[in-house]
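Q: The task is simple: from the sequences and hints, build the whole structure.
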Amino acid sequence: MSNTSENPKPSSSSAKMTLKTSDNELFEVEEAVAMKFCTVKQYFEDEKDSDVAARGSTTVIPLPNVHSAVLATLISYGKKLPQSNAVADNHEEEETKKKERKKYEQGLLKNLMPGELLDLISAANYLDFKEGLEFFNQALADHIQNKSVEYVRKFFGIKNDYEPHEEEKYREEYAWAFEGVDED
Amino acid sequence: MDGESSWINHCLDETVREFGEFDSFSELNDEGNTEATAVSVDLILPDDLLERILAYLPIASIFRAGSVCKRWHEIVSSNRFLWNFSHVLTQKPWYFMFTSCDESTSYAYDPTLRKWYGFELPNIKPDCFIASSCGLVGFMDNDSRSELYVCNPITKCFKKLVEPPGLKFSDYSALAISVDRISHVYTITVVKSKQVPGNFFQWDIAIHIYDSETRMWTTPLTEVFGGWRGGDESVICDGVLYFLIYSTGNGAPENRHGLIAYNLSSRFSHSLLNRSFIPVPCPLTCGRLMNLKGKLVMVGGIGKQDRADIIKGIGIWLLNGREWQEIARMPHKYFQGFGEFDDVFASSGTDDLIYIQSYGAPALLVFDMNQKQWRWSLKCPVTKRFPLQLFSGFCFEPRLEIAP
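Chains as they are written, first to last, in our numbering: chain W, 1 to 184; chain P, 1 to 404.
Among these hints, one or two may not hold up.
Straight-line Cα separation of at most 25 Å, SDA-like style, residue types lysine to any residue; simulated pairs [said to hold, decoys possible]:
no., chain 1, residue 1, chain 2, residue 2
1, P, K160, P, T112
2, P, K372, W, E100
3, W, K130, P, N79
4, P, K384, W, G180
5, P, K372, W, E105
6, P, K92, W, E134
7, W, K98, P, K159
8, W, K102, P, W374
9, W, K102, P, K372
10, W, K102, P, N370
11, W, K98, P, T112
12, P, K70, W, E105
13, W, K154, P, L50
14, W, K154, W, E173
15, W, K79, W, E92
16, P, K372, W, E93
17, P, K379, W, F178
18, W, K102, P, R375
19, W, K98, P, Q371
20, P, K159, P, N199
21, P, K92, W, Q106
22, W, K130, P, Y56
23, P, K70, W, K99
24, W, K99, P, E213
Worth flagging that the hints you see were computed from the coordinates, not collected in a lab.
A: In structure tokens form, the structure reads like this:
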């Protein structure tokens with residue numbers, strides 16, 4: 001995953017903002033993308049109100065809860081979303097873009113370690129990045145959907161606090177739900 | 001309430017996947033690396049976030065999630081989770097298959113996880129009238145045709161309803177149910193047909209409606225149909241009751257079937273046959289009605305022009321207003337297994353899926369309305385034991401939060 005910020009093609013209307021991660025990395029991001037992180041948007045609007053100088057480029061927005069590796073992925077995902085200020089595409093272009101996005105999403109998930117999903121979800125939640133949160137929530141659910149209970153406990157670092165007989169009773173009652181899970 | 005009977009059997013699982021269908025993420029990336037993440041992130045994920053993740057899970061996984069730890073159990077049993085869960089996604093419907101053999105277990109097919117579960121629904125017999133909507137299944141016995149129950153097959157919650165009015169012994173009955181997803185209020189309709197004594201041509205038709213809020217039956221319409229009778233196919237879509245009618249005369253093949261559309265809130269009380277008749281799109285040998293996302297869909301056997309009781313194909317139509325739009329025809333390679341004669345398949349569907357099952361075999365065909373794709377389900381664990389063994393079934397949406 002790239003840690004460096006990317007340089008988008010200069011365009012007349014794209015202001016940029018700088019985001020600073022917990023490990024002191026700086027990311028220069030187009031405003032349109034950064035605004036998808038509602039926490040950033042709120043911060044930016046608050047700053048604007050309190051009359052800080054020039055838009056975006058001189059303001060560095062601190063994100064003390066987000067590591068650079070995680071932010072890079074979220075920014076990358078945010079860029080691939082349909083931009084709200086983009087010119088409306090015709091149906092064909094829309095379909096092509098949809099397909100590209102699907103392909104990108106699959107590639108993204110393939111290269112992720114399952115554990116990284118949790119970081120991405122936490123960060124997306126902190127940033128109030130709705131589309132990212134939905135996507136990674138679904139990805140995590142898909143990942144665990146056919147896993148055993150033991151796997152899920154290990155994955156989330158959860159201690160089983162059931163008594164053996166309690167657990168036994170539950171498993172008997174819903175036996176059908178416990179068979180045929182993926183091997184750990 | 002008879003909810004205590006043990007519905008659950010040892011499940012047979014099939015983890016073999018057909019046709020290389022992959023959940024690419026979990027298949028390819030699982031090289032035991034998760035030990036590295038044995039950090040106590042249970043603290044990091046707040047309840048509301050965990051709820052949102054779990055809400056994406058299919059039903060079986062939700063049950064497993066409840067056994068992870070007590071906190072998770074609380075979360076998935078909470079009213080808030082069930083409320084949100086009911087709004088996040090509709091679940092793909094399961095198909096419950098009856099086998100007419102007493103010794104064998106019945107099974108339910110889960111298309112999301114592609115698994116058959118050993119699943120018992122002890123009070124529902126194969127010859128019952130069955131209707132389902134949004135997680136609830138209504139069923140009526142075939143003997144007296146007046147014992148009516150509503151249940152949630154997943155939570156095993158049952159309720160017996162007060163008897164429908166009207167003739168106890170009608171010749172034909174059609175059952176339908178419609179559940180409001182938000183309020184959980186449901187409507188049940190029974191369309192009864194009885195031949196007027198001594199008259200081959202005329203039939204007494206009555207529509208009875210049950211409202212779960214008032215817990216009462218009303219009979220807004222009784223009418224005598226000339227030349228037509230009701231049968232056992234009906235469904236409610238978006239407040240309109242549709243039921244198939246059958247010609248009692250010897251009309252042309254394309255006129256042997258017809259459809260009636262009765263708006264449940266209109267409550268006009270006469271001339272149903274004249275006002276609300278919709279002809280069928282082609283000579284049908286049999287039709288099955290279903291509600292797919294509020295639209296009426298019919299799966300029908302297409303009859304040969306000269307021999308209308310012989311099926312030459314199976315088609316799927318959607319009703320737009322009063323016009324039929326053909327959605328798909330079963331490709332020949334699938335149709336081959338279905339046999340030739342008239343009434344050979346069961347079919348039901350909801351949401352995006354249509355299930356079609358030949359009476360003669362436990363094979364289950366699935367049509368996805370969204371992707372316009374046909375595929376066989378995973379092979380059912382049941383095998384045919386004797387030549388005349390019949391299989392049938394129905395589909396229902398598995399839901400946790402709804403109770404009769």
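Q: Next step is simple, just say for each hint if it's right about the structure.
A: The hints, checked one at a time:
1. P:K160 x P:T112: 31 Å, violated
2. P:K372 x W:E100: 21 Å, holds
3. W:K130 x P:N79: 24 Å, holds
4. P:K384 x W:G180: Since the Cα atoms of K384 of chain P and G180 of chain W sit roughly 23 Å apart, the hinted pair holds (cutoff 25 Å).
5. P:K372 x W:E105: 23 Å, holds
6. P:K92 x W:E134: 19 Å, holds
7. W:K98 x P:K159: Violated, because 46 Å separates the two Cα atoms, which is more than 25 Å.
8. W:K102 x P:W374: With a Cα-Cα distance of about 22 Å, the restraint between K102 of chain W and W374 of chain P holds, given a limit of 25 Å.
9. W:K102 x P:K372: 19 Å, holds
10. W:K102 x P:N370: OK: K102 of chain W and N370 of chain P at ~17 Å, within 25 Å.
11. W:K98 x P:T112: 23 Å, holds
12. P:K70 x W:E105: Roughly 34 Å between the alpha carbons, so the hint for K70 of chain P and E105 of chain W is violated.
13. W:K154 x P:L50: With a Cα-Cα distance of about 16 Å, the restraint between K154 of chain W and L50 of chain P holds, given a limit of 25 Å.
14. W:K154 x W:E173: Cα-Cα ~24 Å, so holds.
15. W:K79 x W:E92: 20 Å, holds
16. P:K372 x W:E93: Distance of about 22 Å is within 25 Å: holds.
17. P:K379 x W:F178: 20 Å, holds
18. W:K102 x P:R375: Holds - the C-alpha atoms of R375 of chain P and K102 of chain W are around 23 Å apart, at most 25 Å.
19. W:K98 x P:Q371: 15 Å, holds
20. P:K159 x P:N199: 38 Å, violated
21. P:K92 x W:Q106: 22 Å, holds
22. W:K130 x P:Y56: 15 Å, holds
23. P:K70 x W:K99: Cα-Cα ~41 Å, so violated.
24. W:K99 x P:E213: Distance of about 46 Å is beyond 25 Å: violated.
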